[in-house]
Amino acid sequence: MRVGVITFPGTLDDRDAARAVVVGGAEAVSLWHGDADLKSVDAVVLPGGFSYGDYLRCGAISRFAPVMQLVIEAANKGMPVLGICNGFQVLCESHLLPGALTRNADLHFLCRDQEIEIVNNQTPWTNSFKQGQQIVIPLKNGEGSFQCDDQTLAMLEGEGRIIARYIGENPNGSRNLIAGITNAKGNVVGLMPHPEHAINELTGPSAQGLGFFTSILNAMVK
Amino acid sequence: MAKIVVDVMLKPEILDPQGNAVAAALPRLGFTFATSVRQGKRFEIEIDGEPTPAQLTEVEKAAEVLLSNPVIENYVVRVEK
Chain Y
1 MRVGVITFPG
11 TLDDRDAARA
21 VVVGGAEAVS
31 LWHGDADLKS
41 VDAVVLPGGF
51 SYGDYLRCGA
61 ISRFAPVMQL
71 VIEAANKGMP
81 VLGICNGFQV
91 LCESHLLPGA
101 LTRNADLHFL
111 CRDQEIEIVN
121 NQTPWTNSFK
131 QGQQIVIPLK
141 NGEGSFQCDD
151 QTLAMLEGEG
161 RIIARYIGEN
171 PNGSRNLIAG
181 ITNAKGNVVG
191 LMPHPEHAIN
201 ELTGPSAQGL
211 GFFTSILNAM
221 VK
Chain W
223 MAKIVVDVML
233 KPEILDPQGN
243 AVAAALPRLG
253 FTFATSVRQG
263 KRFEIEIDGE
273 PTPAQLTEVE
283 KAAEVLLSNP
293 VIENYVVRVE
303 K
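Residue numbers (the numbering used here), protein chains in the order written: chain Y, 1 to 222; chain W, 223 to 303.
Because the hints were derived from the structure by calculation, they are not lab data.
Don't take every hint at face value.
Claimed, not checked - Computed list of lysine-lysine pairs in DSBU-like fashion (alpha-carbon distance at most 35 angstroms, straight line):
1) W:K225 to W:K303
2) Y:K185 to Y:K222
3) W:K233 to Y:K77
4) W:K233 to Y:K185
5) W:K303 to W:K263
6) Y:K140 to Y:K185
7) Y:K222 to Y:K130
8) Y:K77 to Y:K130
9) W:K303 to W:K283
10) Y:K77 to Y:K140
11) W:K233 to W:K303
12) Y:K140 to W:K263
13) Y:K185 to W:K283
14) W:K283 to W:K233
15) W:K283 to W:K263
16) Y:K77 to W:K283
17) W:K225 to Y:K39
18) W:K263 to W:K225
19) W:K283 to Y:K140
20) Y:K130 to Y:K39
21) Y:K185 to Y:K77
22) Y:K140 to Y:K222
23) Y:K140 to W:K233
24) Y:K140 to Y:K39
Stated by the list, open to error - Distance windows between CB atoms, simulated:
25) Y:E159 to W:K303: 48 to 58 angstroms
26) W:E272 to Y:D113: 56 to 66 angstroms
27) W:V301 to Y:Q133: 51 to 61 angstroms
28) Y:K77 to W:Q261: 31 to 41 angstroms
29) Y:V22 to W:N296: 39 to 49 angstroms
Given the structure is predicted, the values throughout are model-derived calculations rather than measurements.
In this text, a Cβ means the ideal position worked out from N, Cα and C, and glycines have one as well.
Here chain W stands alone, though its shape is the one from the complex:
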């Protein structure tokens, strides 16, 4: 069994009010390390066996069509060991 991870993030130029709210909350709790925070989504997809290149192409397609909205988001597909 392998796990394929798809990370979806808002494009850098798209305003991220949730990330901004988290960034504003951190210093209130004494965490002063952050200069900015962006919030995204992570999908964990399990498949039987090791992924074939064809399967990874399919996942890329699904990430493009459903998991992300290419108008406002970027995605990265990777296999987690």
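Extracted from the complex, chain Y is given alone in its bound form:
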């Protein structure tokens, strides 16, 4: 089981993501934004950071990176893809996920431990969780406010495509407290908070983030 972790110029969390993949039980494969080869990976993680300096819009330039053309093609064929934070932004810019991530409503860059609820445990990235399970993982972003039109929001709600919601006060102005969503097929997941920073209690607020990385293993073994 090989899980690719993409590094763009300006990516920050690729090492933590790769470590989380390994602790989850899979082999982590480094992919470079300029690669024209997915190196036979079974799934891909787009980690957090500031790819291409967030120039133009977060994720807007990464979308056109050579490796992303292959990721988009593979995702459309059903390969599991998880985008965390900046990775979520890249997935939205790539139109693999609907909506967009905009500036936090209060303009502040957030960095804190955030309680979220897993509201769809049927995806290859969330099947280790119980439906409705509440977990605490770090949230750190400047542009994490999930926005879409009313029709898209109704579709996401109606089709059960919201995978996680913030608990308590809305941290960034996201519509309907959305912390993560999935595509129609359910193989592509975008998540604003960071499970890869919460894989053991020594370095994170919990070890509950690991569930995202054990889920992908379950999904592949099935």
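Assemble the complex: chain Y is given as a structure, and chain W must be docked to it using the hints.
Leaving out everything else, chain W in the frame of chain Y:
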């Protein structure tokens, strides 16, 4: 040489926290004229000679694909004399 300008603005229904922050800062400096402020982006693109309709179509396409995100933004393309 001609200059093609692309203005990109958040759609009216999308919250603009930066514009709101500017609107809140203005009265603190004694500028009391604004009832609201929206902040956008302006791209200035230089080309050789006068733009042909085909070139303007290309710029429109670039504005749609790269310069703006149609999910949250609108754009306007114009040639500056």
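These are the hints, each one checked on the structure:
As the CA atoms of K225 of chain W and K303 of chain W are separated by approximately 7 angstroms, the hinted pair is consistent with the 35 angstroms bound. Between K185 of chain Y and K222 of chain Y the alpha-carbon distance is near 17 angstroms, which keeps this suggested pair within the 35 angstroms criterion. Only pairs whose Cα atoms come within 35 angstroms are accepted, and K233 of chain W paired with K77 of chain Y is accepted, the gap being roughly 32 angstroms. Note on K233 of chain W and K185 of chain Y: the hinted pairing holds, with a Cα-Cα distance of about 29 angstroms set against a maximum of 35 angstroms.
At most 35 angstroms may separate the alpha-carbon atoms for a hinted pair to count; K303 of chain W and K263 of chain W meet this at roughly 20 angstroms. For the proposed pair K140 of chain Y and K185 of chain Y, the alpha carbon gap of about 28 angstroms is at most 35 angstroms, so the pair holds. Pair hint K222 of chain Y plus K130 of chain Y holds up; C-alpha atoms about 18 angstroms apart against a cutoff of 35 angstroms. A distance of roughly 27 angstroms separates the Cα atoms of K77 of chain Y and K130 of chain Y; the hinted pair therefore holds under the 35 angstroms criterion.
Straight-line distance between C-alpha atoms of K303 of chain W and K283 of chain W comes to about 22 angstroms, which keeps the hinted pair within the 35 angstroms bound. Taking the CA atoms of K77 of chain Y and K140 of chain Y, the gap is about 31 angstroms. The hint holds against a cut of 35 angstroms. Straight-line distance between C-alpha atoms of K233 of chain W and K303 of chain W comes to about 27 angstroms, which keeps the hinted pair within the 35 angstroms bound. Proposed proximity of K140 of chain Y and K263 of chain W is supported: the alpha carbons are some 25 angstroms apart, at most 35 angstroms.
Restraint check: the Cα-Cα separation between K185 of chain Y and K283 of chain W comes to about 29 angstroms, which is no more than 35 angstroms; the hinted pair holds. Pair hint K283 of chain W plus K233 of chain W holds up; C-alpha atoms about 18 angstroms apart against a cutoff of 35 angstroms. For the given pair, K283 of chain W sits about 17 angstroms from K263 of chain W by alpha-carbon distance, which is consistent with the 35 angstroms threshold. Of the pairs offered as hints, the one joining K77 of chain Y and K283 of chain W holds, with about 27 angstroms between alpha carbons and a cut-off of 35 angstroms not exceeded.
Distance check on the hinted pair: K225 of chain W and K39 of chain Y sit about 44 angstroms apart at the alpha-carbon level, beyond 35 angstroms; violated. Distance restraint check for K263 of chain W and K225 of chain W: the Cα-Cα separation of roughly 16 angstroms lies within the 35 angstroms cut-off, and the hinted pair is therefore satisfied. Of the pairs offered as hints, the one joining K283 of chain W and K140 of chain Y holds, with about 34 angstroms between alpha carbons and a cut-off of 35 angstroms not exceeded. With a C-alpha separation of about 33 angstroms, the suggested pairing of K130 of chain Y with K39 of chain Y holds against the 35 angstroms cut-off.
For the hint pairing K185 of chain Y with K77 of chain Y, the CA-to-CA distance comes to about 10 angstroms; that is within 35 angstroms, so the pair holds. Using a Cα cut-off of 35 angstroms, the hinted pair K140 of chain Y and K222 of chain Y holds, with the two alpha carbons roughly 33 angstroms apart. The hinted pair formed by K140 of chain Y and K233 of chain W meets the criterion: a straight-line CA distance of about 26 angstroms does not exceed 35 angstroms. With a C-alpha separation of about 30 angstroms, the suggested pair K140 of chain Y and K39 of chain Y falls inside the 35 angstroms cut-off, and the hint holds.
Distance hint for E159 of chain Y and K303 of chain W: a CB-CB separation of about 50 angstroms, consistent with the stated range 48 to 58 angstroms. Range check, E272 of chain W to D113 of chain Y: about 58 angstroms between beta-carbon atoms, so the 56 to 66 angstroms window is met. In this structure the hint that V301 of chain W and Q133 of chain Y lie 51 to 61 angstroms apart at CB holds, the actual value being about 56 angstroms. Against the hinted window of 31 to 41 angstroms, the Cβ-Cβ separation of K77 of chain Y and Q261 of chain W comes to about 40 angstroms, which satisfies the hint.
The supplied range of 39 to 49 angstroms is met by V22 of chain Y and N296 of chain W, whose beta-carbon atoms lie about 45 angstroms from each other.
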